[in-house]
Amino acid sequence: MAFNILIVDDSKTIRSVIKKTLDIAGVPVGDLYEAENGQIALDVMKDNWVDLVFADINMPVMTGIEMIQKMSEDKILENMPVIIVSTEGSKTRIEELLKKGVRAYIRKPISPEALRNIVKEVMGDYDE
Amino acid sequence: MSNDYNETLIKVCCDVFENLSFMFGETIDLSEAESDSDAFISATMSFKGDKTGSLELVVPAETADTLAYNILGIDESEDLPPGSAIDALRELLNTICGQLLTTLFGDQPIFDLTVPETKTLTLDQWDERVENDQYLAISVEDEPILIKTNIE
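For the record, the sequence lines run as chains A and B. According to the working numbering, the first sequence is numbered sequentially starting from 13. According to the working numbering, the second sequence is numbered sequentially starting from 1102.
Mixed in with the good hints there might be a few duds.
Here are the computed lysine to aspartate or glutamate pairs in the EDC-like style, where the Cα-Cα straight-line distance is at most 20 Å [what the hints assert, rightly or not]:
1) A:K112 / A:D137
2) A:K32 / B:E1157
3) A:K111 / B:D1208
4) A:K24 / A:D35
Note that these hints are calculated values from the structure, not bench results.
Using the sequences and the accompanying hints, generate a full structural model.
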């Protein structure tokens, strides 16, 4: 089984790093989508089947938090798992994110091992 | 700048360079931060929370390219995607800032970080910074990098 994955980050470099890390981690990827902010991500999610979203917090136009809020108001998107990828180190803020519906949090810089573990935690075990 | 902050900043910086760009850094004396480059990139960002401050990272332009090649895992015989050197530098600074704040102040305080901004500097502007003892110098794969933090 391969996951359709959406990567949301205003940095093209970080989107590339996440793609590369997913590959090294052996996460099975089907269709891979990219968005540079939350608004574009919502449009991608409405037009395509997405299994898992990786999102940054601080982005122009629409932040990751605003995107999650919009997703929670949408019957189709409300249960879509979102993993936040950020430099955020405050436990207080991470707890706030989890309360808002974020499934998991991974801190930059990300390692393939950490990414693999977090995907398994959120999506369940899969065949590599 | 406090010596405690200096030591932590250097360590965090070297760790992030190693983990994000797979390049190894070590502290050098500021006076050793000589460069043959004629263009440099300065990335700055600030933070607000229990403490307020800013962070600046300055690298020779060629080093910014090398960092981007390493972060993206692209062979240096290929062309870099446009803007990726600047983008890579911003991400390095952003990651250093996040790690620095947690290392210094723990994982309870909340900080708001600004988006990193970049500008090009001349050799004269680099030299001015090398003469300013608020900056710290790191050698990353034999290339000098300057970093400064100001925390209030």
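Checked hints:
1. A:K112 / A:D137: Roughly 25 Å between the alpha carbons, so the hint for K112 (chain A) and D137 (chain A) is violated.
2. A:K32 / B:E1157: 28 Å, violated
3. A:K111 / B:D1208: 17 Å, holds
4. A:K24 / A:D35: At roughly 17 Å apart (the allowed maximum being 20 Å), D35 (chain A) and K24 (chain A) satisfy the hint.
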